[in-house]
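Sequences listed follow chains A and B, in order. Just so you know, we're using the numbering used here here: the first sequence kicks off at 516 and counts up by one. Just so you know, we're using the numbering used here here: the second sequence kicks off at 1044 and counts up by one.
For the record, the hints were derived by calculation from the structure and aren't laboratory data. Certain hints may be false.
Claimed, not checked - Pair ranges (Cβ atoms, derived):
#, chain 1, residue 1, chain 2, residue 2, range
1, B, Asp1178, A, Asp530, 20 to 30 Å
2, B, Asn1517, A, Gly589, 56 to 66 Å
3, A, Asp643, B, His1510, 27 to 37 Å
4, A, Gly654, B, Thr1293, 48 to 58 Å
Claimed, not checked - Okay, derived cross-link-like pairs now, DSS-like style, lysine-lysine, Cα gap no bigger than 27 Å in a straight line:
#, chain 1, residue 1, chain 2, residue 2
5, A, Lys664, B, Lys1402
6, A, Lys597, A, Lys661
7, A, Lys661, A, Lys618
8, B, Lys1524, A, Lys683
9, B, Lys1192, A, Lys529
10, B, Lys1438, A, Lys661
11, A, Lys683, B, Lys1192
12, A, Lys599, B, Lys1402
13, A, Lys521, B, Lys1490
14, A, Lys598, A, Lys650
15, A, Lys521, A, Lys618
16, B, Lys1206, A, Lys598
17, B, Lys1206, B, Lys1192
18, A, Lys599, A, Lys618
19, B, Lys1490, A, Lys661
20, A, Lys521, B, Lys1206
21, A, Lys650, B, Lys1490
22, A, Lys650, A, Lys599
To be verified - Output of the computed footprint for chain B on chain A, the stretches with three or more beta carbons under 8 Å from beta carbons of chain B:
#, stretch
23, 542-554
24, 618-631
25, 644-657
Since this is a predicted model, take the numbers as computed values, not measurements. Note that the Cβ used here is the ideal one computed from N, Cα and C, for glycine as well.
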Amino acid sequence: MLVNSKISGRIRGKDNNAVRGFDVTGYLEIRGLRAKVGSARTDENGAFEIQFSPSDYTPEDELMVSIQIEDTEGRVVIDTPKKKNTTGRIDFQMKPGRGPTVKDESDIYSGGLSRLVSAYSNLHENIDPSRDDVKESLGSLISVVKRWKEYRDELARTCGLEVIQVPKQPRKEEHDHVSRWDEAVLPS
Amino acid sequence: MSGIYGVERFTSRRENYQTVEREVVEEADVCIIGSGAAGAVLAKKFGDAGKSVVLLEKGGYYEGEDMNQRDEDMIPLLWKNAGAQLNDTLNVAIGQGSCLGGSTVINDAVCFPIPPITRRQWRELGVEISDEEWDRATGEVSREIHVTKVREDELNRNNLMLKRGCEAMGFTVHYSNSRNCVNCMRCGLCHLGCHYETKQDMKVTYIHRALNTPNSRIRVYCNCSAEKVQHSGGAVEKVQGEFRDREGRTLHRIDVRARLVVVAAGAIASSELLLRNSIAPEKAGLGLSLHPVAFVLGEFPFEIRGNQGITMAYTLHQFGVTNGVEDGGFLIEAIYLPPFQFSLQVSVSGERHAEMMRKYNNFTMAFAFPRDHPTGRILLTERGAVRISYALDAKGLEDVARGIEILARMWFRLGATRVVTSHWTKPILTKEGEVPELVSAVLNDSKNLLLVSAHPQGGNRMGDDPHRCVVDSNCRVYGFKNLFVCDASVFPTAVGVNPQLTVMALATIMSERINRLWEG
């Protein structure tokens, strides 16, 4: 059983300053059953903490965690999707409010990877041409850059980025500003 | 009318934005080249003094909502040459921003004031800036960009590992950094731009305020590379630039006539521009420092998840200029890189590389950066390409080796199962007993030591000797009436700490001096 588990975090407004008095409710879902585990109100630093120590699930259970935020007038401003937690410590950093969605803009991301590869491939002009070892190093560097596409998705999963990243086209897809990590706990 | 202009087609932006469709001819009191830590401050300060300003920025205008937190998308948009800028022997990678706001958009937001030792040494080298000027300007900038100390509860596990390591090694001078960030969202992706705009970079602070001050006359041209500084008889007549798309194709041109021109394109690009235009040709490009860092990683049997949270929040000052070291010295700072940059730092290849990348969550990471002597040089090849000639001198190498040794021992002391270095012939250590071998490899085979710099400085040295220095203490180029260089390129030596606050303070001081000269 997880002990000293907690959901903690901080809420700031559009100007990035802390917001006080927002209500945060934490939910756990175990084997398909959703239950409220506690609630808290943000303090003057925008911070909140909900401690929990559930007694009715086993370490094998998948622990799904979500939270809901209400502003000082009781409006729900963020309702996060449930996501698996692995460490018993979840940190939420939030900034309610979404940017405008626009449909007809330049796709500024197109061709990024090929520009990245060509930038490295064009370094020949900038290196010392008399050194064979330098030319060899450049070859290795270019191969690492080219391989990025092969392992980026696996790496994003490994380091938890897929949970935290905003949409690929943030202006075209509505999204909450929530940065959520399952915190590791260092051995004492 | 104040606003931002560029080649991208945007329909919704916070600032007044228009797409450039044709050739542009401009006249202004001041033309500033570069919108980073110096250029943005200069633009606002000149604007506040009632001057009309044209600001040319080679990179694009991207707001927080454009920052999609993906390496392969953001590095080509925000980093100079898509991050591919290295010295001529390819063992020092030099990262700089190339977008509206410059490197302040992609840095880790670390803020240290210029150390007292550096100020004094610069004065001894002919830089006439008093402590009072530095203090006042640093205070003003710190308020504008909201510099605050990282709280204990904001230290992520990677930073806590450095703190624990310092305690385990008996070091006494180590503490949390200050940052220009308001309530950081802790996504750990500072190098890819701040999606949430909690980082107080130049775009969301100085440039935003400059554009929105009533009656301001500031026009910012993005995607615009300054190419020619046309001069005659010690006076700049006009600046010519080109608007380019993301693929580098020239779309339109701009001519700017200004009473005064300030080059603030950052170390390397400012020297490059001067060299291309035969300005101070015998002096420009000399005296480059890099603060080149050597990463040392420790692998642990438990997860650290160093990418989660504020990645750069703790520093060991014991051996640095901030702790009284007069010559050289080094700082050790915690850091964690986003996956792509991390992959370039792991100095092994093939399956071993893939195996290391799968352990991304189990590493702790920090680097040692020396206050290196200004021995590097920026030059142009016969074909006009920029070449950065740089190698650490004996003192710098000694400092880096000592820093690497401390970190390797520190990680083993904390229980690391492996230590990973950036030396190609000694990339992995499995026990502390191998550390002397690593130190020997660093000292005797430095060409195989991979270093990274985010702090290029020097190249257009400031000082009172017109034969050796490019600019005087007012940042005016010797021999010119109306041409100034104001950015990290004028530093006569490495500052010894993360330099953004010093650059902003310098720009504050210089803008006020130039405004006074103008009034006079």
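Taking the hints in turn, this is what the structure says about them:
no.	hint	in the structure
1	B:Asp1178 with A:Asp530: 20 to 30 Å	holds, 28 Å
2	B:Asn1517 with A:Gly589: 56 to 66 Å	holds, 59 Å
3	A:Asp643 with B:His1510: 27 to 37 Å	holds, 29 Å
4	A:Gly654 with B:Thr1293: 48 to 58 Å	violated, 31 Å
5	A:Lys664 with B:Lys1402	holds, 18 Å
6	A:Lys597 with A:Lys661	violated, 35 Å
7	A:Lys661 with A:Lys618	violated, 31 Å
8	B:Lys1524 with A:Lys683	violated, 49 Å
9	B:Lys1192 with A:Lys529	holds, 21 Å
10	B:Lys1438 with A:Lys661	violated, 36 Å
11	A:Lys683 with B:Lys1192	violated, 32 Å
12	A:Lys599 with B:Lys1402	holds, 20 Å
13	A:Lys521 with B:Lys1490	violated, 48 Å
14	A:Lys598 with A:Lys650	violated, 47 Å
15	A:Lys521 with A:Lys618	violated, 39 Å
16	B:Lys1206 with A:Lys598	violated, 31 Å
17	B:Lys1206 with B:Lys1192	holds, 16 Å
18	A:Lys599 with A:Lys618	violated, 32 Å
19	B:Lys1490 with A:Lys661	holds, 24 Å
20	A:Lys521 with B:Lys1206	holds, 24 Å
21	A:Lys650 with B:Lys1490	holds, 13 Å
22	A:Lys650 with A:Lys599	violated, 46 Å
23	542-554	violated (count 0)
24	618-631	holds (count 10)
25	644-657	holds (count 7)
Of the numbered hints listed earlier, those contradicted by the structure are 4, 6, 7, 8, 10, 11, 13, 14, 15, 16, 18, 22, 23.
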